[in-house]
Amino acid sequence: MKLILHMSDLTDLYQAVILDHNKRPRNRGKLPTATRVASGDNPTCGDNCTVYICMEGERIGKMGFEGSGCAISQASTSLMTTQLVGKTLEEAEGIFEEFKETVTTGKEPDEFSEVAAFAGVHAFPARIKCATLGWHAALEALKQPDQPVES
Amino acid sequence: MTHDFSNLRVDFPVLDQHVGGRPLVYLDNAATTQKPRSVIDALARYYERDNSNVHRGLHALSMRATDGYEAARVRMAKFINAADSAEVIFTRGTTESVNLVAESWGMANLKPGDVVLCTEMEHHSNLVPWQVITQRTGAILKFVPVLGDDAEGGLDMDALELLLTPEVKLFAFTHISNTLGTLNPVKELCAKARAVGAITVVDAAQSIGHEIVDVQDMDCDFLAFSGHKMAGPTGIGVLYGRRALLDAMPPWQSGGGMISIVEYTGSKWKPSPERFEAGTPNVADAIGLHAAMDYLDAVGRPAIAAHDYDLAQIAREALGKLPGIRILGPRAGEPRSGLVSFAFADVHAHDVVTFADQDGVALRGGHHCNQPLMKKLGLPSTTRASFYLYNTAADVDALVISLSKILRFFRAD
Numbered sequence: 001m002k003l004i005l006h007m008s009d010l011t012d013l014y015q016a017v018i019l020d021h022n023k024r025p026r027n028r029g030k031l032p033t034a035t036r037v038a039s040g041d042n043p044t045c046g047d048n049c050t051v052y053i054c055m056e057g058e059r060i061g062k063m064g065f066e067g068s069g070c071a072i073s074q075a076s077t078s079l080m081t082t083q084l085v086g087k088t089l090e091e092a093e094g095i096f097e098e099f100k101e102t103v104t105t106g107k108e109p110d111e112f113s114e115v116a117a118f119a120g121v122h123a124f125p126a127r128i129k130c131a132t133l134g135w136h137a138a139l140e141a142l143k144q145p146d147q148p149v150e151s
Numbered sequence: 001m002t003h004d005f006s007n008l009r010v011d012f013p014v015l016d017q018h019v020g021g022r023p024l025v026y027l028d029n030a031a032t033t034q035k036p037r038s039v040i041d042a043l044a045r046y047y048e049r050d051n052s053n054v055h056r057g058l059h060a061l062s063m064r065a066t067d068g069y070e071a072a073r074v075r076m077a078k079f080i081n082a083a084d085s086a087e088v089i090f091t092r093g094t095t096e097s098v099n100l101v102a103e104s105w106g107m108a109n110l111k112p113g114d115v116v117l118c119t120e121m122e123h124h125s126n127l128v129p130w131q132v133i134t135q136r137t138g139a140i141l142k143f144v145p146v147l148g149d150d151a152e153g154g155l156d157m158d159a160l161e162l163l164l165t166p167e168v169k170l171f172a173f174t175h176i177s178n179t180l181g182t183l184n185p186v187k188e189l190c191a192k193a194r195a196v197g198a199i200t201v202v203d204a205a206q207s208i209g210h211e212i213v214d215v216q217d218m219d220c221d222f223l224a225f226s227g228h229k230m231a232g233p234t235g236i237g238v239l240y241g242r243r244a245l246l247d248a249m250p251p252w253q254s255g256g257g258m259i260s261i262v263e264y265t266g267s268k269w270k271p272s273p274e275r276f277e278a279g280t281p282n283v284a285d286a287i288g289l290h291a292a293m294d295y296l297d298a299v300g301r302p303a304i305a306a307h308d309y310d311l312a313q314i315a316r317e318a319l320g321k322l323p324g325i326r327i328l329g330p331r332a333g334e335p336r337s338g339l340v341s342f343a344f345a346d347v348h349a350h351d352v353v354t355f356a357d358q359d360g361v362a363l364r365g366g367h368h369c370n371q372p373l374m375k376k377l378g379l380p381s382t383t384r385a386s387f388y389l390y391n392t393a394a395d396v397d398a399l400v401i402s403l404s405k406i407l408r409f410f411r412a413d
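If you're matching them up, the sequences are chains A and B in order. By our numbering, the letter at position 21 of the first sequence is numbered 21, and the numbering carries on one by one without gaps. By our numbering, the letter at position 202 of the second sequence is numbered 202, and the numbering carries on one by one without gaps.
In case anyone wonders, no lab produced these hints; they're calculated from the structure. Note that this is a predicted model, so its numbers are computed, not measured. Backbone N, C-alpha and C fix where the C-beta goes; we use that ideal spot for every residue, glycine too. Incorrect hints may have been included.
Stated by the list, open to error - Residues from chain B that keep clear of chain A, each with C-beta distances beyond 12 Å, as calculated:
| # | residue |
| --- | --- |
| 1 | Arg9 |
| 2 | Ile212 |
| 3 | Pro302 |
| 4 | Ile325 |
| 5 | His367 |
| 6 | Arg411 |
Claimed, not checked - If we take Cβ atoms under 8 Å as the criterion, some of the chain B residues that face chain A in the derived model are:
| # | residue |
| --- | --- |
| 7 | Gln216 |
| 8 | His348 |
| 9 | Met374 |
| 10 | Gly378 |
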């Protein structure tokens, strides 16, 4: 499926991929086996997000998230969890850099992925921080040492 | 209604534009109001003809600037029915006005064990300064609860009776809630506070541009508001203070303009209002605010209140029919100011605001500087539509049509 984006069009911002992740978030919920946890919030919006990561060696084994926020922040965090499992910290940072470029410039990733759905965000600068909320929490969690999480 | 409200829009140049291909429907008036041509002209005229520093100047421009600035003060005293224009202090806005009372009166009068009473519906501007000053003085900060799952019950007046003890030295509360649209019984609250010897600080930010605010009728000790929420410029606001209290208060900022005699080792202060206006004041915006008062009184404040509050009632009724909506504040048909806040369980306020913006409808989504209340109500954010004299019933229709589209979009499978 080739996505044709008209950047100024609002329906592009909220295109099918985003609406789908918002309505049926993947990996939503606390991860009881998580060894790394971090939270982020946008005080001006009231959005918040907690990301749970279970490491398997150097790589992300499982991810989960909780929180509340707009469709953009919820969908982007949901999508993120599907993109980062199996990745190392360095790989995750690279994917985040690419995602950031997509949401700030509208440039689609070199390789096709659902991340392209977020290209429309760049036309709405106030919403970029919504799109990156969960990603910032995930990278903060990744940089922590492994530790048991209270149940 | 005596005034024709159908075409006041033409007095406001900024409203003559399209957003999202449609005529702008500006419903963010509780955040800031638009300015009529007469205010914009007054500002331009001042800078083009009269700009000069005020007081002590003996040349023509300085005398004109001083006259304009002091005329604005006299006009403001009349606007709020202050007994004396020396009771009108120009500030940057509501926040600075409240900070002035907290710093000056609070530091001079509050002791450990004293109580400062607030309400659960205060804007951060009438909450955070009291947190800071009670922490510094050892006084205790207490809150009058708000009743109801959707805050529909207003302030808990029974709890207020119990909270108003002789330890309460100051009671700070809002006239109108910027989040709920609740109209508080200011006169009654001031009388109850006075009965226990507490002074009152009224936040009139949400009422001053809509209805008659009469400080002598309210019998409040202090009243704070911003010019930009009453069709005036940004950067100017007012603190009204009872003369006897102001005369006993120390300055909160010091420097030029507020002194009578300065020696190297010490200085003497001028009386109010100069004592509280250190430095070059905001002359231009005071003069712009004068023009705003003239505009509002030409339309008539009782008529403006009736118009704005009616639109909010119409909006509340129409929005109440949208499936899955939660509306905060007074129930349908009960007294309500010119705003409506609402939330959908399945569509976040920021998505609503972004969508409505594409239809040219300007709303506000968020916590409305009222984080503790939102937390109490279990809401991360709400969407707020707030009305002013240039809005019409057609703007309510545009709001409802846009919201219906948004719900269809997000709820479609």
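Going through the hints against the structure:
1. Against chain A, the non-interface label of Arg9(B) holds: every CB pair exceeds 12 Å, the least being about 26 Å.
2. Distance to chain A confirms Ile212(B) as a non-interface residue, since its nearest Cβ pair spans about 34 Å, more than 12 Å.
3. Consistency note on Pro302(B): stated as away from chain A, and its beta-carbon is indeed over 12 Å from all of that chain's, at 36 Å minimum.
4. Against the 12 Å criterion, Ile325(B) stays outside the reach of chain A, whose nearest CB is about 17 Å from its own CB.
5. The Cβ of His367(B) does not lie farther than 12 Å from every Cβ of chain A; its closest approach is about 5 Å, which violates its non-interface assignment.
6. Against chain A, the non-interface label of Arg411(B) is violated: not every CB pair exceeds 12 Å, the least being about 9 Å.
7. A hinted interface residue such as Gln216(B) counts as satisfied when its beta carbon comes closer than 8 Å to some beta carbon of chain A; here the least separation is about 39 Å, so the hint is violated.
8. The criterion of a C-beta within 8 Å of any C-beta in chain A is met by His348(B), whose closest approach is roughly 4 Å, and the hint holds.
9. The restraint placing Met374(B) at the interface with chain A holds, with a minimum CB-CB distance near 7 Å, inside the 8 Å limit.
10. Contact between Gly378(B) and chain A, as hinted, is not supported at the beta carbon level, the nearest pair being about 10 Å apart and thus beyond 8 Å.
The earlier numbered hints that this structure contradicts are 5, 6, 7, 10.
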